[in-house]
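*Asks:* Sequence:
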Amino acid sequence: MNHPHHKEDSCCTSKAHQHQHDHSHENGDEHDHEHGGDPSSLKTYLPAIVTLAMLLIGIAFDNIFKLEAFKIIRPYWYIVAYLPVGIPVLKEVWETFKAKDFFTEFSLMSIATIGAFAIGEYPEGVTVMLFYTIGELFQMAAVNRAKRNISALLDVRAEVAHVLRNGKYESVNPDKVEIGETIQIKAGEKVPLDGEMLSEKSSFNTSALTGESKPKSINKGENVLAGMLNLDKVIEIQVTKAFADSALSRILEMVQNATTRKAKTELFIRKFAKVYTPIVFFLALALVTLPIVVLGSDYHFQTWLYRSLVFLVISCPCALVISIPLGYFGGIGAASAHGILFKGSNFLDLITKLNTVVMDKTGTLTKGVFKVQKVESKINQEELLSLLAAVEAKSTHPIAKAIVEYTGENEIHPAENIEEIAGMGLKGTVKGKAVLAGNVKLLEKFNISFDPEIATIEESIVVVAVDGQYAGYVLIADEIKEDAAEAIKQLHANGVKQVVMLSGDKTSIVKKVAGVLGLTTYFGDLLPEDKVAKLEELKQDKTRVVAFVGDGINDTPVLAISDIGMAMGAMGSDAAIETADVVIQTDQPSKIATAIKIGKATKNVVIQNIVLAFAVKALVLILGAGGLATMWEAVFADVGVALLAILNAVRIQKMKF
1 MNHPHHKEDS CCTSKAHQHQ HDHSHENGDE HDHEHGGDPS SLKTYLPAIV TLAMLLIGIA
61 FDNIFKLEAF KIIRPYWYIV AYLPVGIPVL KEVWETFKAK DFFTEFSLMS IATIGAFAIG
121 EYPEGVTVML FYTIGELFQM AAVNRAKRNI SALLDVRAEV AHVLRNGKYE SVNPDKVEIG
181 ETIQIKAGEK VPLDGEMLSE KSSFNTSALT GESKPKSINK GENVLAGMLN LDKVIEIQVT
241 KAFADSALSR ILEMVQNATT RKAKTELFIR KFAKVYTPIV FFLALALVTL PIVVLGSDYH
301 FQTWLYRSLV FLVISCPCAL VISIPLGYFG GIGAASAHGI LFKGSNFLDL ITKLNTVVMD
361 KTGTLTKGVF KVQKVESKIN QEELLSLLAA VEAKSTHPIA KAIVEYTGEN EIHPAENIEE
421 IAGMGLKGTV KGKAVLAGNV KLLEKFNISF DPEIATIEES IVVVAVDGQY AGYVLIADEI
481 KEDAAEAIKQ LHANGVKQVV MLSGDKTSIV KKVAGVLGLT TYFGDLLPED KVAKLEELKQ
541 DKTRVVAFVG DGINDTPVLA ISDIGMAMGA MGSDAAIETA DVVIQTDQPS KIATAIKIGK
601 ATKNVVIQNI VLAFAVKALV LILGAGGLAT MWEAVFADVG VALLAILNAV RIQKMKF
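With this note's numbering, letter number 152 in the sequence shown gets 152, and the count goes up by one each step, no holes.
Bear in mind the hints are in silico, worked out from the structure with no lab data behind them. Hints are not guaranteed to be accurate.
Claimed, not checked - Calculated pairs, BS3-like style, for lysine-lysine (alpha carbon to alpha carbon, straight line, at most 25 Å):
| no. | residue 1 | residue 2 |
| --- | --- | --- |
| 1 | LYS374 | LYS506 |
| 2 | LYS371 | LYS201 |
| 3 | LYS241 | LYS201 |
| 4 | LYS534 | LYS506 |
| 5 | LYS271 | LYS100 |
| 6 | LYS600 | LYS264 |
| 7 | LYS353 | LYS497 |
| 8 | LYS656 | LYS603 |
| 9 | LYS511 | LYS534 |
| 10 | LYS489 | LYS597 |
| 11 | LYS168 | LYS220 |
| 12 | LYS654 | LYS597 |
| 13 | LYS353 | LYS603 |
| 14 | LYS394 | LYS441 |
| 15 | LYS220 | LYS367 |
| 16 | LYS433 | LYS445 |
| 17 | LYS489 | LYS512 |
| 18 | LYS233 | LYS401 |
| 19 | LYS367 | LYS512 |
| 20 | LYS542 | LYS353 |
| 21 | LYS168 | LYS201 |
| 22 | LYS394 | LYS371 |
| 23 | LYS353 | LYS597 |
Stated by the list, open to error - The calculated label-pair distances, taken between Cβ atoms and stated as ranges, are:
| no. | residue 1 | residue 2 | range |
| --- | --- | --- | --- |
| 24 | ILE279 | GLN302 | 21 to 29 Å |
| 25 | ILE279 | LEU527 | 50 to 58 Å |
| 26 | LYS371 | ASP232 | 22 to 30 Å |
| 27 | GLY120 | PHE65 | 18 to 26 Å |
| 28 | GLY167 | LYS367 | 38 to 46 Å |
| 29 | ASN219 | LYS367 | 16 to 24 Å |
Don't be surprised by glycine CBs; every beta carbon is placed ideally from N, CA and C.
Construct the entire structure; sequences and hints are all you get.
*Replies:* What follows is the structure, encoded as structure tokens:
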């Protein structure tokens, strides 16, 4: 029911519009650097351990013991040492060759190491491949750590569902439960699937979904979401969504797949590597062949081949290709730990340019939880509230719930002949008395006289008439969120020049909230299409990067046309998850500024990694071409820089925001 005495945007249930943002999944030909494997398992690290042990033994025999017998088996020893780390990379070369992709970091590493073997530089060949593998392991561990951080925050899915089948409850995996089946959740258990409450009432801890620690009461017929913790008693719910479609599962999937939406920097580096790799390959080839023209008889093939191989190792683009996506992944992980879910690294980039924030009022800056502030009664107040609660109990509207909650009555009198009068309110019979509850238009329709001053009240009110006589009114107000005023200050401090508030509520109420929050630009009495018009008006100034923050239900058209759509809380509806680019799980507007800070920190780390990689590589490339850098310096320029860049990227998750 749409309560006519309170025309508020959050209560509209317009169908979610298809999101119009260009969310292209740029996978391209990118290689998945994560070679799989459990980072805690010995099997993952065993090849590198075996190679390292054999390499150290070989170097000891070469330089310390200097055994004659070792010289005979020396090439074979290093070849065996090379195989554990070399075979996986050679397999990658074979796979990329089959896909007609000849110039990758794998082909560069393979040519350089096999070339080192060909000229007798066995330890260097093994070391290059070993260090490359260690770099990959570091990167895999970092990615897995970021994923674990995200999963630890969100993966509160129950492992078992108690489903009613053939008259008794069976314990099954939640993904085996069908829509429409009944499941039982005991006190202290997690809710495994989204559903509708069949039991009368229970209290739930919703912190896993919203970050809100205060228990939430859910009544019969209301929605219960997977991930909530049942606190009270044994309850039953009817499943309304499959396991994979639950709000929680989709949030998890959204975050874990966030890296498929690449930032421009990331896309540029991928494209750059595709052009850069063949160029350095041919430069290395030129380094072997061209000196023969200049030097003639002084040309020493082995010397120039060594320099060429050093050049190849140095020029490998691993540091860039690995560390930049990892930087963005670290940013997404850090944001998740703060209850902010980015749907892609492109939005981490874009949020750093944000200069205009448009905010919905209800549920964003206010709690969207209505409280009875005042009761004015011409009859006995208890009687008035009892009759009003009986009529409002038939409605699911937030205002109706606020009235029922305020009366605190356990037994509400049954109301009969309930009729909704569109745009005005409700009519019904309670204990034989005709009750009207709604706005002043309702009383005017039934020619009931009332104090004209009531029509001038700014706040939302519900007027009541009993048996054709005006009986009083109840004044209702929404509460401003505790951190709303601080959120506005933080936005200005983080480069946002203008904050605008839009609402479907009465302009007088919107003005009052704006005054409390220190906002100078606000608009009330707006329909969803009016909000779209206001946002399009702002976007006409091409210098603006505009974010819209709303509840994601009737705000979906505005979320879709904004540069960054931000939804407050995943509790509201699927539209909040589907339409927004960023979801703020904790419902705190102050998290918008936190999201900007995380975006800026991520961008700084990415730029640092690019500068570090290019500077070190450029220096060692020049030294390598001039014969001043050996294979060991080449290893540092490649793997060392990659490791430093990875450690720098991981740093994001340790930062305080």
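*Asks:* Please go over all the hints and tell whether each is borne out by the structure.
*Replies:* The hints, checked one at a time:
1. A threshold of 25 Å between alpha carbons decides the hint, and for LYS374 with LYS506 the separation of about 19 Å falls inside it, so the pair holds.
2. Annotation: proposed proximity of LYS371 to LYS201 holds, straight-line Cα distance about 20 Å (limit 25 Å).
3. Taking the CA atoms of LYS241 and LYS201, the gap is near 21 Å; set against the 25 Å cutoff, the hint holds.
4. Between LYS534 and LYS506 the alpha-carbon distance is near 17 Å, which keeps this suggested pair within the 25 Å criterion.
5. A threshold of 25 Å between alpha carbons decides the hint, and for LYS271 with LYS100 the separation of about 16 Å falls inside it, so the pair holds.
6. The suggested pairing of LYS600 with LYS264 holds, with an alpha-carbon distance near 15 Å, which does not exceed 25 Å.
7. In summary, the hint linking LYS353 to LYS497 is supported, as the alpha carbons are separated by about 11 Å, within the 25 Å threshold.
8. Simply put, LYS656 and LYS603 have alpha-carbon atoms about 16 Å apart, close enough for the 25 Å limit, and the pair holds.
9. With a C-alpha separation of about 17 Å, the suggested pairing of LYS511 with LYS534 holds against the 25 Å cut-off.
10. With a C-alpha separation of about 14 Å, the suggested pair LYS489 and LYS597 falls inside the 25 Å cut-off, and the hint holds.
11. With a C-alpha separation of about 22 Å, the suggested pair LYS168 and LYS220 falls inside the 25 Å cut-off, and the hint holds.
12. For the hint linking LYS654 to LYS597, the alpha-carbon distance of about 14 Å falls within 25 Å, and the restraint holds.
13. Between LYS353 and LYS603, the direct Cα distance comes to roughly 11 Å. Compliance with the 25 Å bound is thereby established for this hinted pair.
14. At most 25 Å may separate the alpha-carbon atoms for a hinted pair to count; LYS394 and LYS441 meet this at roughly 21 Å.
15. Between LYS220 and LYS367, the direct Cα distance comes to roughly 23 Å. Compliance with the 25 Å bound is thereby established for this hinted pair.
16. Between LYS433 and LYS445 the alpha-carbon distance is near 18 Å, which keeps this suggested pair within the 25 Å criterion.
17. With a C-alpha separation of about 18 Å, the suggested pairing of LYS489 with LYS512 holds against the 25 Å cut-off.
18. Our distance criterion of 25 Å between C-alpha atoms is met by LYS233 and LYS401, whose separation comes to about 23 Å.
19. Between LYS367 and LYS512, the direct Cα distance comes to roughly 15 Å. Compliance with the 25 Å bound is thereby established for this hinted pair.
20. As the CA atoms of LYS542 and LYS353 are separated by approximately 13 Å, the hinted pair is consistent with the 25 Å bound.
21. As the CA atoms of LYS168 and LYS201 are separated by approximately 22 Å, the hinted pair is consistent with the 25 Å bound.
22. As the CA atoms of LYS394 and LYS371 are separated by approximately 18 Å, the hinted pair is consistent with the 25 Å bound.
23. Proximity of LYS353 to LYS597 is assessed by CA-CA distance (about 11 Å); at most 25 Å being required, the pair is judged to hold.
24. The hint said 21 to 29 Å for the Cβ distance between ILE279 and GLN302, and at roughly 25 Å that hint holds.
25. At roughly 57 Å, the beta-carbon separation of ILE279 and LEU527 lies within the given 50 to 58 Å, and the hint holds.
26. The hinted window of 22 to 30 Å between LYS371 and ASP232 holds, with their beta carbons roughly 23 Å apart.
27. A hinted range of 18 to 26 Å holds for the C-beta pair GLY120 and PHE65, which are about 19 Å apart.
28. Look at GLY167 against LYS367: about 43 Å separates their beta carbons, and that is inside 38 to 46 Å.
29. A C-beta distance of roughly 19 Å is found between ASN219 and LYS367, which places it inside the suggested range of 16 to 24 Å.
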